[in-house]
Structure formats: structure tokens, C-alpha cells
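Protein chains in written order, with our numbering: chain A, 1 to 177; chain B, 1 to 111.
Calculated from the structure, these hints are not laboratory results. Warning: the hint list may mix true and false statements.
[As the list claims (entries may be wrong)] Straight-line alpha carbon distances no greater than 20 Å define the calculated SDA-like cross-link-like pairs of lysine to any residue that follow:
#	chain 1	residue 1	chain 2	residue 2
1	A	Lys145	B	Arg32
2	B	Lys102	A	Glu131
3	A	Lys145	B	Ser71
4	B	Lys102	B	Glu74
5	B	Lys102	A	Lys145
6	A	Lys145	B	Tyr64
7	A	Lys145	A	Glu131
8	A	Lys145	B	Ala59
9	B	Lys62	B	Glu74
10	B	Lys102	A	Glu157
11	A	Lys145	B	Arg51
12	B	Lys62	A	Glu151
13	A	Lys145	B	Gln48
14	A	Lys145	B	Asn30
15	B	Lys62	A	Asp142
[What the hints assert, rightly or not] Beyond 12 Å from chain A on every Cβ pair, some chain B residues (computed):
#	residue
16	Pro53
17	Asp55
18	Glu107
The beta carbon of each residue, even a glycine, is placed where N, CA and C say it ideally should be.
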Amino acid sequence: MSACQDFSEDLTAWVEEQLPAQRWEQLSEHVTHCPRCAAEAHSLRAAIVWQQRALQAVAALDGVDPLALKARLRRELRAAADDKAPAWDLRTVWATTFGRFALAGAAVSVAATVLLLGVGPEMVLMPLGLEAPPPAVVQQTDFFKDYPLIERLDVLEHFDTVESVPLDDDGSASQHG
Amino acid sequence: MQGRPLVVLVVATCCAGPCRAAAFPLLAQNWRELSPGERYETLQNYQQHERLPEDSRRAIEKRYERWQQMSPDERERIRQNYQRLQHLSPQERDRIQRKYEKWRAQEVPSQ
Numbered sequence: 001m002s003a004c005q006d007f008s009e010d011l012t013a014w015v016e017e018q019l020p021a022q023r024w025e026q027l028s029e030h031v032t033h034c035p036r037c038a039a040e041a042h043s044l045r046a047a048i049v050w051q052q053r054a055l056q057a058v059a060a061l062d063g064v065d066p067l068a069l070k071a072r073l074r075r076e077l078r079a080a081a082d083d084k085a086p087a088w089d090l091r092t093v094w095a096t097t098f099g100r101f102a103l104a105g106a107a108v109s110v111a112a113t114v115l116l117l118g119v120g121p122e123m124v125l126m127p128l129g130l131e132a133p134p135p136a137v138v139q140q141t142d143f144f145k146d147y148p149l150i151e152r153l154d155v156l157e158h159f160d161t162v163e164s165v166p167l168d169d170d171g172s173a174s175q176h177g
Numbered sequence: 001m002q003g004r005p006l007v008v009l010v011v012a013t014c015c016a017g018p019c020r021a022a023a024f025p026l027l028a029q030n031w032r033e034l035s036p037g038e039r040y041e042t043l044q045n046y047q048q049h050e051r052l053p054e055d056s057r058r059a060i061e062k063r064y065e066r067w068q069q070m071s072p073d074e075r076e077r078i079r080q081n082y083q084r085l086q087h088l089s090p091q092e093r094d095r096i097q098r099k100y101e102k103w104r105a106q107e108v109p110s111q
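Could you build the full structure based on these sequences and the hints that come with them?
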């Protein structure tokens, strides 16, 4: 299984014979003995043949360089795949036993927090990033984050001066302790 | 009340992990940069603000405009003062508030 994972990244390059000789031989050896990778290689080869025919047809119509177009398509598709690839996939996590326990634990934790704190579920889901916060919070995060400070801005701005102001009950306050 | 952010932080840290970045990739960077505990407190502040009467809300929003126009040094000084205030007991904070009101009455005499 781990060998297949190790080779799967290079399988397309192997089919297209674009690997360094030593690596190409390693993959050839593996594909010879692994029916799963052999089937995938067969499928890739068929896709590549179809892709080349399609590119040739397009090139014939528009006078485009098929190799340049192929390279550009590959770049674009790879970039799109990288952009869309989620950093975290629920199905992948669920597929493992540990993942199932972790997700079940997370669900129980969220439910317990909602019950214990008596807050709405959004007060747990939003901080976790599982629910979108109100637009005002997103637009003015700084404001709401520093809210306690901004509320007292007038006092804080003149704190040293204010601190030295004597109060009428200063004497009695110290007497009464 | 004091323990709530802590509990949320513990739970959030256990189960948030990488999912928060994947869940809402289009949100403003600022919100995404906050920890779950900070987000919880930010949301609480938002709810508190929403409950205020309109004139009180406007007053605080004007203070925020002033805060935005302050220099980084001035903001840092005010943050330090806020930390000092946070370390005072409720009675001492109440005294500071009364001192401020007295000082303000002297500085800006009512008409």
C-alpha cells in the first residue's frame, strides 16, 4: 500500500516516459507486480492518448503548437487542483478509525460545551470556524476584539492624570479601610 | 462567567485544528487569524454592542474612530494603561471611574 502511494505521484510521468532512468525502472518493476497500479497506468495511458488526439485536433483547427498548449493545460490544471485541494477533508478523516473517534469526540465536545455554557450553538461553531460570523464582526474584527479597551478609551487616554485626581472621600475611604 | 472563554478555548483547541482554515476560506484575514478563544470573546463583545441603545453605540463607534487615528505609540501607551486597569480590583476601578468623572467635569464644565 505504501509502495503504491510512493509511486502514484510519478505514475503519469512514468506513462509519458518522462522520469529519470533509475526511477522509471523502479516504477516499471512495481507496475509489473502490482495489478492495481497496472490498471491505473492503463487508464492513464488511455486518457493521455485521448488528450493527445484532442490537442492535435485543436492544433489543426487553430494552428496552435500542441506541445505548448499541452504544457499550458497541464500547468493550469495543476494550479487549479492545488488551489482547490482542501487542507482538510472530512471523508479522509472519517475513513480512519482514529478519525472517526476524533470526529465523534469533537461532536460530543461541541454539544457538551453548548449544554454546559448555556450559549447558542453559534457561539461554539463560529469560534471553531464551522459557521460564518456576522458580517459586521468580519468587517470590524479589530473593533470588536478591542471593544473593552475602546469602551474605556476616554479614561485610558488620561489614565495618569485621572489617577492623581483626589476624591472627596479619600480620607474617609482610608479610615474605613 | 470568567471560565467560559477558557472552556471554549480548550474545546476549540481540541477539535478546531486545521478545519477552520478550510471551512471559510473567503473570510477576512483578521477574523481567521484569531484563536477560537479570541473569536469567542470578540463575538461576545459584538453581542454586547448590539444590545446597547443607538446613542451609546454611536458614542463607542466614535471612540473607535479616534482610536484608529492614533499613532502606534499612543495606542501602545493606552494598551498598557488598559492592562493596569485590568489588574485593579472592582473597587479601585470604580474609584478611577469616579476620579475620571470629576476630572472631566473640571476639564469640560457643563453649560
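Against the structure, the hints come out as follows:
This hinted pair checks out: Lys145(A) and Arg32(B) have alpha carbons roughly 13 Å apart, not beyond 20 Å. Restraint check for Lys102(B) and Glu131(A): not satisfied, since their Cα atoms lie roughly 46 Å apart, outside the 20 Å limit. At roughly 19 Å between alpha-carbon atoms, Lys145(A) and Ser71(B) fall within 20 Å of each other, so this suggested pair holds. For a cut-off of 20 Å, the pair hint linking Lys102(B) to Glu74(B) is broken: about 24 Å separates their Cα positions.
At roughly 29 Å between alpha-carbon atoms, Lys102(B) and Lys145(A) are farther apart than 20 Å, so this suggested pair is violated. At most 20 Å may separate the alpha-carbon atoms for a hinted pair to count; Lys145(A) and Tyr64(B) meet this at roughly 11 Å. A threshold of 20 Å between alpha carbons decides the hint, and for Lys145(A) with Glu131(A) the separation of about 18 Å falls inside it, so the pair holds. Our distance criterion of 20 Å between C-alpha atoms is met by Lys145(A) and Ala59(B), whose separation comes to about 17 Å.
A C-alpha spacing of about 17 Å is found between Lys62(B) and Glu74(B), which places the hinted pair at or below 20 Å, so the restraint holds. Only pairs whose Cα atoms come within 20 Å are accepted, and Lys102(B) paired with Glu157(A) is accepted, the gap being roughly 15 Å. Straight-line distance between C-alpha atoms of Lys145(A) and Arg51(B) comes to about 17 Å, which keeps the hinted pair within the 20 Å bound. Between the alpha carbons of Lys62(B) and Glu151(A) the distance comes to roughly 10 Å, so the proposed pair stays at or under 20 Å and holds.
Distance restraint check for Lys145(A) and Gln48(B): the Cα-Cα separation of roughly 12 Å lies within the 20 Å cut-off, and the hinted pair is therefore satisfied. Annotation: proposed proximity of Lys145(A) to Asn30(B) holds, straight-line Cα distance about 10 Å (limit 20 Å). For the suggested pair Lys62(B) and Asp142(A), the alpha carbons sit about 14 Å apart, so the restraint of at most 20 Å is met. Interface exclusion of Pro53(B) from chain A stands, the closest Cβ pair being 14 Å apart, more than 12 Å.
Here Asp55(B) stays apart from chain A, with its beta-carbon at least about 14 Å from theirs, past the 12 Å limit. Listed as a non-interface residue, Glu107(B) fails to keep its Cβ farther than 12 Å from every Cβ of chain A; the least gap is roughly 9 Å.
Hints 2, 4, 5, 18, counting from the list given before, are not met by this structure.
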